[in-house]
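If you read the protein sequences in the order shown, they are chains A, B and C. Per the numbering used here, residue 5 is the first one in the first sequence, and the count goes up by one each step. Per the numbering used here, residue 5 is the first one in the second sequence, and the count goes up by one each step. Per the numbering used here, residue 5 is the first one in the third sequence, and the count goes up by one each step.
To be clear, the hints were calculated from the coordinates, so they are not data collected in a lab. As the structure is a computational prediction, the values presented were derived from the model and not from experiment. Check each hint, because a few of them may be wrong.
Chain copies aren't distinguished; within one or between two, either way the pair holds.
[As the list claims (entries may be wrong)] Calculated pairs, DSSO-like style, for lysine-lysine (alpha carbon to alpha carbon, straight line, at most 30 Å):
no.: 1; residue 1: K133; residue 2: K231
no.: 2; residue 1: K118; residue 2: K133
no.: 3; residue 1: K190; residue 2: K39
no.: 4; residue 1: K18; residue 2: K28
no.: 5; residue 1: K41; residue 2: K231
no.: 6; residue 1: K118; residue 2: K190
no.: 7; residue 1: K178; residue 2: K18
no.: 8; residue 1: K18; residue 2: K118
no.: 9; residue 1: K39; residue 2: K118
no.: 10; residue 1: K120; residue 2: K41
Chain by chain, the residues run as shown.
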Amino acid sequence: MNLFTSVHDVTDIKQLVADALALKANPYAHNTLGKNKTLGLVFMNPSLRTRLSTQKAAMNLGMNVMVMNMDKDGWALETQDGVVMNGNTTEHIREAAAVMGQYCDILGLRSFPKLKDREEDYSEGFFNKFVQFCGVPVISLESATRHPLQSLADLITIVETNPVPIEQRAQGKKPKVVLAWAPHVKPLPQAVPNSFAEWMCKAQELHMIEFVIAQPEGFELADEFTKGAEIVHNLDHAITDADYVYVKNWSSYKEYGQILPYEGNWMMNNEKLGLTNNAKVMHCLPVRRDLELAAEILDGPNSLVIQEAGNRLWSAQAVLKALLENH
Amino acid sequence: MNLFTSVHDVTDIKQLVADALALKANPYAHNTLGKNKTLGLVFMNPSLRTRLSTQKAAMNLGMNVMVMNMDKDGWALETQDGVVMNGNTTEHIREAAAVMGQYCDILGLRSFPKLKDREEDYSEGFFNKFVQFCGVPVISLESATRHPLQSLADLITIVETNPVPIEQRAQGKKPKVVLAWAPHVKPLPQAVPNSFAEWMCKAQELHMIEFVIAQPEGFELADEFTKGAEIVHNLDHAITDADYVYVKNWSSYKEYGQILPYEGNWMMNNEKLGLTNNAKVMHCLPVRRDLELAAEILDGPNSLVIQEAGNRLWSAQAVLKALLENH
Amino acid sequence: MNLFTSVHDVTDIKQLVADALALKANPYAHNTLGKNKTLGLVFMNPSLRTRLSTQKAAMNLGMNVMVMNMDKDGWALETQDGVVMNGNTTEHIREAAAVMGQYCDILGLRSFPKLKDREEDYSEGFFNKFVQFCGVPVISLESATRHPLQSLADLITIVETNPVPIEQRAQGKKPKVVLAWAPHVKPLPQAVPNSFAEWMCKAQELHMIEFVIAQPEGFELADEFTKGAEIVHNLDHAITDADYVYVKNWSSYKEYGQILPYEGNWMMNNEKLGLTNNAKVMHCLPVRRDLELAAEILDGPNSLVIQEAGNRLWSAQAVLKALLENH
């Protein structure tokens, strides 16, 4: 692996999950693999989980880490070619990315969408130019349209908590995973649900799970991410007999970046949990309690959110290990 | 030791001081104790000494360190339970603390008081919830009401510079330490003086020192921190024959967070130094020259402030060593 | 070497360049030299290249690194003596620098000029006080008037790409290096061109190069930096037969900090490149494309800017190595 920006960069996701769980069992087994290698983490936007888990993952492999907050430490980057730079941008991404590649063996980049222009966001122009010009392997720390380290951590969490008994798995029984849209007061990117859907569709193809997306009409994700998923517009129907409910808000893709009106109660709580197969509840965090997800679930026995966040570490470490082994 | 938030978390302060001085003599004697362990430093407020000394202390023990500036890198945390999070807070401390605990073996937290609501500040609600939810040992990097790493460094500095000849110590002679209130233009927390008083009262109990607090009326600290201290409202009387004068401003506890009117000259200078037993002068820094403390003292032979700041390193290293040895 | 603030701190620049190129060939040859040593990087201003390259350089030598953004993490420093600190400054540089020296074996400092008061900027008051009070070796990460880590990287780049055939060198042929003023929309410091000129004048003295400065009238640098340089007011004349063109904007020294009117086209492009001896083009970055320097050059075969930025690493590592070996 030479790049980690989506599920399409991974040859074998089952193996990657297995690698991650092996690292979780034995975190320091490869603690010299990254000797004399430097990971640069470039944040165009704030980060808590991603920053800490990826740093820790790199250190577990013996790498050095340098963190660059470009929104604060640095300066505004120009991304367009053919522009006379006599305005507010002080450096072109061609130079900035190439320079960072001079000092780092692997780079991680976080770059959120602006949610103004769908075509611009979905072209991943900034992210792709960074990859093009930096000259070293790049890990997505969340781009405009995807958050693959999160999705891998989610899959790890599902695999390690799979409630289907071994004998039933042999008979083809798979856990039912529901991505459930939830309310929010701010318009959020589609990156996490896009990416989760993309990974779960792949896992469904590999007969690891069954995948359903529950969302009000108008909140359909872009088709490219949801191939093979069942899409349901009623939360209660969708979560019936679910083994996992993955709660997440997103703004509309169709009416780009908008919060559309919707009907019904879309917040998971204990009453709705009663419809499920005693489902485990997941969320990528940060979560707004009692708006996106009931506090009674977060504080109850069905919540996986902290374990899921913990798995961000093994997700990042497995990806870094794969990149290091390729060089 | 599993927690370091006040003198009450320490079983034997004499031993802890001795450990710190042993580390000062031999900083790298335990440089593999922290191998594969990660310290996370979480700052809700700015820091210079604490940030650098604690990082360096951890590295001396072979630990990895990750720094998180939550006021800048992160987001506003919710601390109340039962709140529908549809406002400005983007994550609850229950999740944020638990997540940080997933990536770190020990966490340090700095969280200043707001100086608006005494009950809220003195409940240490934010700090205690962080400790409760993070699931790993926590070191205070200064909380609303205490700054124990500073106080330990202060005690280390007094022990290593003790001016009482050995033979007089055997006869019960102890250095006289005076905490001396000083003027300032801004209302400052009571955390440093509370904590210093608490540690010095303990040291007095153990016959290590004699302890006096000098302050204008109205600036009494909360009783819980000053048990056993002599409280004097005249600076000149208090510092007569003193061996150490610990200069520090604080705002009123009684008229909470206020700067009260006061009489007399409360700034230590060379003239006042003449009243003392050639006292060493201490201050936790940052210090405002010629407002809190005369420049002539800071630049003169009686100042210990740089040595004291240097001892922050050994204070932190002794505490980290104790926490690591307990796990 | 005990200090690195200008070319005058270096005994033998040829040897220092040779050391840097040896490190470039073998980056980890001295990876235990910095064991248990800590480098503190103090930034009063933003940084990308300097921050990352100096961190990486230190890590290559086995040092620990702590980064301090004083403009964001810290507080406003007082630099004047004899001031009652009852205003906005919260700590005096006497204490702040001394404290940082307690926790670090070597300190790096970046401190830009304000471009308001020439005498103040050129006195390097802030920088020199920091050096005076911190008590440990200091590396300039760019001061008000100089950027020596950049200049050393520039010289390394020229030495490693020297186009003069060996036999012609023996006959005294030297590469012609032109520092070429370029347009900009903002008034920039003279630190980079001052420093480049100072290093190139020294290299010229040592018969390593020939050095010419091209600039519109009124943009003369201070005499102390340009002794021995030929100064030309016409870009085309200056760059004729040049082997290297070092493009850089700066504001006026005479009319301090001003952007003066000028005549002619001062932006290097491919047409002007035709006047040169197929010159390599350099720039310290960040560069504003098609304002300071034509994109066609930056994207073409004559640009050295990324290699030059990459050499910042070896520049910093050679300097750190020299400082470490001296202690």
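Identify every previously stated hint that the structure contradicts and give their numbers, smallest first.
-> 3, 5, 8, 9, 10
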